[in-house]
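A.B. asks: Spelled out from the first residue to the last, the chains are:
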Amino acid sequence: MIKKIKLSIILLILATVHSKALIEVDITRGNLDPLPVAVSPLSMDKNTNENLSKELKIDNVGHKISEVVENNLKNSGLFNPLNKDAFLQKPDIAHLKPRFEDWSLIKAQALITGKVTFRDEKLRVEFRLWDVLAGKEMMALAFTTVPSNWRRVGHIITDKVYERLTGEKGYFDTRIIYVAEEGPKTKRIKKLAIMDQDGSNTKYLTLGNELVLTPRFNPANQMVTYLSYFRNLPRVYLLDIETGIQDVVGDFPGMTFAPRFSPDGKKIIMSFAMDGNSDIYTMDLENRIVDRITNHPSIDTSPSYSPDGKFICFNSDRSGYQQIYVMRRDGTNVKRISFGKGLYGTPVWSPRGDLIAFTKLHKGKFYIGVMRTDGTGERLLTENFYQEAPSWSPNGRVLIFYRETKTDSDGKGFSAKLWSIDLTGYNERMVKTESDASDPSWSSLLSN
Amino acid sequence: MDLSKFFKNALLVMLACLVLSACATKKVQNQMQGDVYTGTDTVEYLASGVPDRVFFATNESVLTTASRDTLRKQAEWLRKNSKINVVLEGHADERGTREYNLALGERRANAAKDYLMTYGISGNRISVISYGKERPVDSGSNPLAWSKNRRSVTVKAN
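Protein chains in written order, with this note's numbering: chain S, 1 to 448; chain V, 449 to 606.
Hints are supplied without guarantee of correctness; some may be wrong.
[Stated by the list, open to error] Per label pair, the in silico range of CB-to-CB distance:
| no. | chain 1 | residue 1 | chain 2 | residue 2 | range |
| --- | --- | --- | --- | --- | --- |
| 1 | V | 510 | S | 353 | 31 to 41 angstroms |
| 2 | V | 570 | S | 333 | 20 to 30 angstroms |
| 3 | S | 288 | V | 603 | 43 to 53 angstroms |
| 4 | S | 200 | V | 524 | 21 to 31 angstroms |
| 5 | S | 288 | V | 508 | 35 to 45 angstroms |
| 6 | V | 571 | S | 289 | 47 to 57 angstroms |
| 7 | S | 353 | V | 508 | 52 to 62 angstroms |
| 8 | V | 606 | S | 274 | 15 to 25 angstroms |
| 9 | S | 264 | V | 528 | 52 to 62 angstroms |
| 10 | V | 527 | S | 243 | 43 to 53 angstroms |
[Unchecked claim] Computed list of lysine to any residue pairs in SDA-like fashion (alpha-carbon distance at most 20 angstroms, straight line):
| no. | chain 1 | residue 1 | chain 2 | residue 2 |
| --- | --- | --- | --- | --- |
| 11 | S | 187 | V | 507 |
| 12 | S | 74 | S | 107 |
| 13 | S | 365 | V | 603 |
| 14 | S | 417 | S | 445 |
| 15 | S | 363 | V | 483 |
| 16 | S | 363 | V | 482 |
[Said to hold, decoys possible] Partial chain V-side listing against chain S, Cβ under 8 angstroms, derived:
| no. | residue |
| --- | --- |
| 17 | 548 |
| 18 | 551 |
| 19 | 558 |
| 20 | 587 |
No wet-lab data here; the hints were simulated from the structure. Ideal Cβ positions, reconstructed from N, Cα and C, are used throughout, including at glycine.
Chain V extracted, bound-state conformation:
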């Protein structure tokens, strides 16, 4: 009885360890899907539950499901706070030529702008600026850092 209880506890501890370690590895993997950043390390919040940024795949400006979800939250927040205007700052990673990256950052910020507009936010409230590869949030030269830098960030303008 005692012995079986001991084994049972040991088993539980082992299981717990397995689950924890699985969680640990899962967390690292879960920061990227394909090469799109899905973590929250760099994310700030415009309001509770309203993330300020969306992430993109290399050379892409297509909004992912998660990005659209974030932007719908931003649209809802903007509807509630109708006096707030925003600037969408588009960025690229360092693995491209400077001039193309400026255009790419502009395209990314506009993809976010278009989505906010389809959710009823007036284009007059949104301005756009591209920083290309000039303002990385993570200065590392590795795929995870680059994924954090391929972003469009919504910033309060007033």
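Isolated chain S, as found in the complex:
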């Protein structure tokens, strides 16, 4: 059902240059001065282009890969890719030995060059990152893969450049799973959909016959857990996106919902509703053993593990209203951590471990924010009519969430879209999807 996306990318380190980098990008604060970078089209000889064009039905893949890289760098908000029209040096020559004066003339501080070859049905891409002001090579790598993976090559190049310049792992060779929406608000049709982080390669994983909600990636592999109303029985399901095989999780006599994986991917944590009361349970995916974690007459939902698996943050109205709590993984030592004005929901632990992202409702507005795991240092990143359900990029630097617009009294004007924002509160932008979209979940890095 779902095309295999497995790949074998062979990574060769051409040369490691340990010269102290002169260019550095600080990602811990809002970057109002993105680094000017020139991404030269990856050079190809005529023969390579002809053969690859035949294979992929795309002309000049080297140029296309450089556009993938440019788009990623631009969307990160940390880089300012310069207009290719201003480039003075030809791609093949620049890749061998850039004339740094030419590149500094157009104010480029970093330069990316590359070369594409095609041999034995394999695409080989090498690239180099140059420090223009220092006149030095900072990095050189080569990849070999099947030609259809050419966009992923662009994402991996971006990850390598991002890591080299910021000192932190990238988040570009990743995917987003979400709920694609269509139809009127009262009869919305929802399907599971998956796409690359930049919005390409959208695939639909369900047909829309039943309501599906809240898909989440397993951080350890390509499994997904989500809520499906199959046969009008709302239950948590498991989906293998490589084989398409779906499985109900556990045998519960009522609704299970709000699923997430444990950091090692071996358990699912979720809510189970019985007689009007929702509590938190886990199920071990290997031995199918179910554990009850909370036992309280209030609503306990939206659980999320800390990255070390030792703690769980969750949403409860045991104080009378929705607030965020933290407990040990066995359900002991429950502590409320949200004390600001308003209601708090959808806590999600950062992959770095130091922050919890949340949705806040206060005076008729919805906010996406972060706080430390003890509830201090609350910071609201964005305010809107309706938005919720943040999901972290694997490096913990960006949040993706969904936003709905206000509908007029005739029911017109409704839309649901994915948005992302940097942890710094800068670089808020809409993530393009083929249809309306909600409930995004960010995958781990697929490679490296």
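Fit chain V to the known structure of chain S by using the hints.
C.D. replies: Only chain V this time, still in chain S's reference frame:
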């Protein structure tokens, strides 16, 4: 005499106008009490005089006096029609997080179920499903629309 009759008629017409306009404003106000919907726009009937749904205040699952009245009528109808089973569909408005709303819808439907059970309807005849904020009946983004959507609807299952 004629003049006084004219004034009398004019007065009557004016009074009638006042009463009518009062009724008109009263009707809009009367669709909500606090923030609980009390109108009948969206209500359907299981049988004559037996409304199919009850409404809730924001974030609440407490049954109002009107809701209890409706549910007693439903219980009476269910007693008379002992072969009919029902599904109680719990809903929330769009002003909450999706997952909490699923739990809230479940809690609302169960509040209605418990009340039907205290009026002698067997729990075996009642099943419950929560749709959270997924199935609004009014797609508007305003307090009146939201009040119509905070509901538990009793639906025949057979």
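A.B. asks: Evaluate each hint against the coordinates.
C.D. replies: Evaluation of the provided hints:
Roughly 40 angstroms separates the CB atoms of residue 510 of chain V and residue 353 of chain S, a value that falls within the hinted 31 to 41 angstroms. Against the hinted window of 20 to 30 angstroms, the Cβ-Cβ separation of residue 570 of chain V and residue 333 of chain S comes to about 41 angstroms, which falls outside the hint. In this structure the supplied range 43 to 53 angstroms is violated for residue 288 of chain S paired with residue 603 of chain V, their Cβ-Cβ distance being about 34 angstroms. For the pair residue 200 of chain S and residue 524 of chain V, the beta carbons lie near 60 angstroms from each other, so the given range of 21 to 31 angstroms is not met.
Distance hint check: the CB atoms of residue 288 of chain S and residue 508 of chain V are about 37 angstroms apart, consistent with the given range 35 to 45 angstroms. A hinted range of 47 to 57 angstroms is violated for the C-beta pair residue 571 of chain V and residue 289 of chain S, which are about 29 angstroms apart. A C-beta distance of roughly 37 angstroms is found between residue 353 of chain S and residue 508 of chain V, which places it outside the suggested range of 52 to 62 angstroms. About 24 angstroms separates the C-beta atoms of residue 606 of chain V and residue 274 of chain S, a value consistent with the hinted range of 15 to 25 angstroms.
For the hinted restraint 52 to 62 angstroms between residue 264 of chain S and residue 528 of chain V, the CB-CB distance of approximately 56 angstroms keeps it satisfied. At about 51 angstroms, the beta-carbon gap between residue 527 of chain V and residue 243 of chain S stays in the expected band of 43 to 53 angstroms. Pair hint residue 187 of chain S plus residue 507 of chain V does not hold up; C-alpha atoms about 23 angstroms apart against a cutoff of 20 angstroms. Distance restraint check for residue 74 of chain S and residue 107 of chain S: the Cα-Cα separation of roughly 16 angstroms lies within the 20 angstroms cut-off, and the hinted pair is therefore satisfied.
Of the pairs offered as hints, the one joining residue 365 of chain S and residue 603 of chain V is violated, with about 34 angstroms between alpha carbons and a cut-off of 20 angstroms exceeded. With a C-alpha separation of about 23 angstroms, the suggested pair residue 417 of chain S and residue 445 of chain S falls outside the 20 angstroms cut-off, and the hint is violated. Note on residue 363 of chain S and residue 483 of chain V: the hinted pairing holds, with a Cα-Cα distance of about 16 angstroms set against a maximum of 20 angstroms. Between residue 363 of chain S and residue 482 of chain V, the direct Cα distance comes to roughly 17 angstroms. Compliance with the 20 angstroms bound is thereby established for this hinted pair.
The interface hint given for residue 548 of chain V holds, since its Cβ lies 5 angstroms from the closest Cβ of chain S, which is under the 8 angstroms cut-off. With its C-beta approaching chain S no nearer than about 4 angstroms, residue 551 of chain V sits inside the 8 angstroms limit, and its interface hint holds. Taking 8 angstroms as the C-beta contact cut-off toward chain S, the hint placing residue 558 of chain V at the interface holds, the least distance being around 3 angstroms. Annotation: interface hint on residue 587 of chain V holds; nearest CB of chain S at approximately 3 angstroms, less than 8 angstroms.
Of the numbered hints given earlier, the model fails hints 2, 3, 4, 6, 7, 11, 13, 14; all others are met.
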